[in-house]
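Produce the complete structure using the sequences and hints provided.
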Amino acid sequence: MSSMDRRQFLKGGLAAASLLAAGSSLPSFLRGSGGRATRTKVLVLGFDGLDPRLLNRWLREGKMPAFARLISAGDFRPLQTSIPPQSPVAWSNFNTGTDPGGHGIFDFMHRDPQTYIPTFSGSLSTESKKALKIGNLVLPLSGGEVKNLMQGRTFWQILEENEIPATIFKIPSNYPPVPTKQRTISGMGTPDLKGSYGISCFYTTDPGIPKGELSGGRVYEVFIIGNRVEAKLPGPINTFKKDRPEALIDFQVLIDPSQAVAKVVLPDQEFILKEKEWSGWKRVHFGLIPTQSVSGICLFYLKEIRPHFKLYVSPINIDPGHPALPISTPESYAQELERVFGSYFTKGLPADTSALDNNVLDEGEFLEQDEMILRESERMFDYEFERFDSGLLFYYVSSTDQRQHMFWRLMDEKHPEYDPQLASRYGRTIENIYGEADRFLDRVLQKIDKDTVLLVMSDHGFNPFRRAFNLNTWLFENGYHRLRNPWKQEEGSFFENTDWPRSRAYGIGLNGLYINQRGRERDGIVNAGADSENLIREIAAKLEQLVDPKTGERAILRAFVAKDVYHGPHLEHAPDIICGFNMGYRISWDSPLGKFPKNVFEDNREKWSGDHMGAPEIIPGILAANRRVRAESPALYDLTATILDIFGIAKNKEMIGETIF
Amino acid sequence: MGQAKVKLDKELLEKVKKFAQLAGYSSPQEFITHCLEKEIAKLEESDSEEEVKKKLKGLGYIS
Numbered sequence: 000m001s002s003m004d005r006r007q008f009l010k011g012g013l014a015a016a017s018l019l020a021a022g023s024s025l026p027s028f029l030r031g032s033g034g035r036a037t038r039t040k041v042l043v044l045g046f047d048g049l050d051p052r053l054l055n056r057w058l059r060e061g062k063m064p065a066f067a068r069l070i071s072a073g074d075f076r077p078l079q080t081s082i083p084p085q086s087p088v089a090w091s092n093f094n095t096g097t098d099p100g101g102h103g104i105f106d107f108m109h110r111d112p113q114t115y116i117p118t119f120s121g122s123l124s125t126e127s128k129k130a131l132k133i134g135n136l137v138l139p140l141s142g143g144e145v146k147n148l149m150q151g152r153t154f155w156q157i158l159e160e161n162e163i164p165a166t167i168f169k170i171p172s173n174y175p176p177v178p179t180k181q182r183t184i185s186g187m188g189t190p191d192l193k194g195s196y197g198i199s200c201f202y203t204t205d206p207g208i209p210k211g212e213l214s215g216g217r218v219y220e221v222f223i224i225g226n227r228v229e230a231k232l233p234g235p236i237n238t239f240k241k242d243r244p245e246a247l248i249d250f251q252v253l254i255d256p257s258q259a260v261a262k263v264v265l266p267d268q269e270f271i272l273k274e275k276e277w278s279g280w281k282r283v284h285f286g287l288i289p290t291q292s293v294s295g296i297c298l299f300y301l302k303e304i305r306p307h308f309k310l311y312v313s314p315i316n317i318d319p320g321h322p323a324l325p326i327s328t329p330e331s332y333a334q335e336l337e338r339v340f341g342s343y344f345t346k347g348l349p350a351d352t353s354a355l356d357n358n359v360l361d362e363g364e365f366l367e368q369d370e371m372i373l374r375e376s377e378r379m380f381d382y383e384f385e386r387f388d389s390g391l392l393f394y395y396v397s398s399t400d401q402r403q404h405m406f407w408r409l410m411d412e413k414h415p416e417y418d419p420q421l422a423s424r425y426g427r428t429i430e431n432i433y434g435e436a437d438r439f440l441d442r443v444l445q446k447i448d449k450d451t452v453l454l455v456m457s458d459h460g461f462n463p464f465r466r467a468f469n470l471n472t473w474l475f476e477n478g479y480h481r482l483r484n485p486w487k488q489e490e491g492s493f494f495e496n497t498d499w500p501r502s503r504a505y506g507i508g509l510n511g512l513y514i515n516q517r518g519r520e521r522d523g524i525v526n527a528g529a530d531s532e533n534l535i536r537e538i539a540a541k542l543e544q545l546v547d548p549k550t551g552e553r554a555i556l557r558a559f560v561a562k563d564v565y566h567g568p569h570l571e572h573a574p575d576i577i578c579g580f581n582m583g584y585r586i587s588w589d590s591p592l593g594k595f596p597k598n599v600f601e602d603n604r605e606k607w608s609g610d611h612m613g614a615p616e617i618i619p620g621i622l623a624a625n626r627r628v629r630a631e632s633p634a635l636y637d638l639t640a641t642i643l644d645i646f647g648i649a650k651n652k653e654m655i656g657e658t659i660f
Numbered sequence: 000m001g002q003a004k005v006k007l008d009k010e011l012l013e014k015v016k017k018f019a020q021l022a023g024y025s026s027p028q029e030f031i032t033h034c035l036e037k038e039i040a041k042l043e044e045s046d047s048e049e050e051v052k053k054k055l056k057g058l059g060y061i062s
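Protein chains in written order, with numbering that gives the first Met the number 0: chain A, 0 to 660; chain B, 0 to 62.
Check each hint, because a few of them may be wrong.
What the hints assert, rightly or not - Derived Cβ-Cβ restraints for the label pairs, each shown as a range:
no. : chain 1 : residue 1 : chain 2 : residue 2 : range
1   : A       : Asp530    : B       : Glu38     : 31 to 41 Å
2   : B       : Lys4      : A       : Pro568    : 53 to 63 Å
3   : A       : Asp242    : B       : Glu10     : 34 to 44 Å
4   : A       : Asp602    : B       : Thr32     : 49 to 59 Å
5   : B       : Gln2      : A       : Pro266    : 36 to 46 Å
6   : B       : Gln28     : A       : Pro568    : 44 to 54 Å
7   : B       : Glu38     : A       : Gly363    : 47 to 57 Å
8   : B       : Thr32     : A       : Gly518    : 26 to 36 Å
Stated by the list, open to error - Mimicking DSS-like on lysine-lysine, the simulated pairs with C-alpha atoms at most 27 Å apart in a straight line are:
no. : chain 1 : residue 1 : chain 2 : residue 2
9   : A       : Lys240    : A       : Lys275
10  : B       : Lys17     : B       : Lys6
11  : B       : Lys4      : A       : Lys241
12  : A       : Lys487    : A       : Lys549
13  : A       : Lys132    : B       : Lys37
14  : B       : Lys37     : A       : Lys241
15  : A       : Lys132    : A       : Lys146
16  : A       : Lys240    : B       : Lys37
17  : A       : Lys302    : A       : Lys210
I should point out that these hints are in silico values taken from the structure, not numbers from a laboratory. Backbone N, C-alpha and C define an ideal beta-carbon position, used for all residues, glycine too.
Quick look at the structure:
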């Protein structure tokens, strides 16, 4: 939106708000002079994964002074999260004021019942259907499409209908951004340039490091010949070519023969890196055909020169200066930010947790990268807060979530990956990020005016992830799932070995269990209706009784039956059972993708050691506000109704929340 | 259009001839072409599945 457009928009918004305020039920604190709500502003700070128990602990210890000030002047509540408490689900509850039955996002992953293959839940990309084939080239004659799969109206679309301006900064589940004239930029769910959740590259001469595909990365073997390393940077799939190769950029690294310094030479630029130095953003161009190229941005990090060469290149983010995919509304907003700040992180979850998990980056290097993300986030907040003069500003911070995922093991002596040596150095990483959240809040409290309603929220809390549950193995061992060759149980993935015409249930995604239902699944065998219903109740009861033999604890506190807990028109796409795990438990690493490891339970031996797949009652988020909160036990969708109510807007009939004030 | 010969086992060729006629194909060649096209379509489909799998791998929650 140009500045002129926005002023006009604001003008309309003020007029509408004054009309609505006349005779409305708005609390007195929201009314400006003369009963007009013209000065009403709402600022929502979203700290992903901020946990009420940890927050309370550090509040008691006096380590969260800004939160203490806010809460003493206003209020604090644990905030009911979604079922399941996964970020895309939880934020969609908030975005639309509904539950998954209303917005249709049930998990990070859904499944295609015709293929039993997992799919992205958040967005769907389709390539051009009409194409002209010339030799090895496939030229699309019409554009492809990317679609946000979250259903329902978002609160900022409803604000727009009521002429209240809003800026929505990186709210999850908004990729591609839903159609609106509001200023929005997409967050979690935004892919890298390859269309994935993030694939980094690591180039090394170290023979001790296995080469090839990793989860979330690739390791390439390179050779130093005459102080020169030759390598290729892979980009997006080149759909213009018939055999769909990856677009590649050739580059060289020239190593200084005596110093720990190297020069990286890309086709159109070169730069020098010292050992242990990050490059800052570099724009790279992938040629597709002579008339078409696509640009992305990435970070180079020279981890080591000697004895082994090690170069990390971050996932290639969509270039906000020339976005190849839609990441903002209006389109020019991403470019406006790029003009002000230069290149910036656009990948949905920008921290490269996979690189830390794969030992490509160590703890310190990961934190250096996440530090860049956090500081960038602060700078951009200051920019938006400075010009926030009406309506609503939502601002999202991811580092609180990402650091808890990766560093829980170093503050939890019971975790299988607890390492006392690393803990002595990084054991306070989570405490520190809570401190950063507090300092972030302090900047706000110093500047916020008394008419602005402030809501500080998180989508869920955090739990340790010590033990992993192989749902598909459990289904197999209990006769609900059959394998064609049981002796090959541990081989393959994506149910390659499944005997579908004899299988009654299967697990896909992080919390979901589906019945292999006749008429719904390709090879479904369980009749819809009573047969399916009975099987669901039987499996749910067994799951809730399941005890981990190693700990004697129940692994699943609640096995929710979808139709008991969801409301709305999309219920038919829900998993039949949603597993709500006990403290310390989560789905395993392999089960979500249709694998059958040998044991039902196993220790979690990954650095990814904190998680939030629990039963919602043990993993609430937080709500702190600068107003008294009437609701005893508010939920995410209540905040949506609250925001609309503050502006005097009635919630729509699909919304299930109530105002908290 | 280029043509290429493919060697088939005699026993298999007899079966192809028999079932091509039974299934109403105009020639064994048409039957074989149809079978190959169907199989190739399946493989092409699994290519796109491969892409989905690779893309999902970057999600920190799975291996």
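For each hint, the structure was consulted:
At about 35 Å, the beta-carbon gap between aspartate 530/A and glutamate 38/B stays in the expected band of 31 to 41 Å. A hinted range of 53 to 63 Å holds for the C-beta pair lysine 4/B and proline 568/A, which are about 58 Å apart. The given range of 34 to 44 Å is respected by aspartate 242/A and glutamate 10/B, whose C-beta atoms sit roughly 36 Å from each other. At roughly 54 Å, the beta-carbon separation of aspartate 602/A and threonine 32/B lies within the given 49 to 59 Å, and the hint holds.
For the hinted restraint 36 to 46 Å between glutamine 2/B and proline 266/A, the CB-CB distance of approximately 43 Å keeps it satisfied. In this structure, glutamine 28/B and proline 568/A meet the distance hint of 44 to 54 Å, their C-beta atoms being roughly 51 Å apart. Separation of glutamate 38/B from glycine 363/A is about 52 Å and conforms to the stated range, judged on CB atoms against 47 to 57 Å. Separation of threonine 32/B from glycine 518/A is about 34 Å and conforms to the stated range, judged on CB atoms against 26 to 36 Å.
The straight-line distance between the Cα atoms of lysine 240/A and lysine 275/A is roughly 38 Å, outside the 27 Å bound, and the hint therefore fails. Of the pairs offered as hints, the one joining lysine 17/B and lysine 6/B holds, with about 17 Å between alpha carbons and a cut-off of 27 Å not exceeded. Taking the CA atoms of lysine 4/B and lysine 241/A, the gap is about 25 Å. The hint holds against a cut of 27 Å. Pair hint lysine 487/A plus lysine 549/A holds up; C-alpha atoms about 26 Å apart against a cutoff of 27 Å.
As the CA atoms of lysine 132/A and lysine 37/B are separated by approximately 21 Å, the hinted pair is consistent with the 27 Å bound. Proximity of lysine 37/B to lysine 241/A is assessed by CA-CA distance (about 19 Å); at most 27 Å being required, the pair is judged to hold. Straight-line distance between C-alpha atoms of lysine 132/A and lysine 146/A comes to about 26 Å, which keeps the hinted pair within the 27 Å bound. Distance check on the hinted pair: lysine 240/A and lysine 37/B sit about 23 Å apart at the alpha-carbon level, within 27 Å; holds.
A threshold of 27 Å between alpha carbons decides the hint, and for lysine 302/A with lysine 210/A the separation of about 17 Å falls inside it, so the pair holds.
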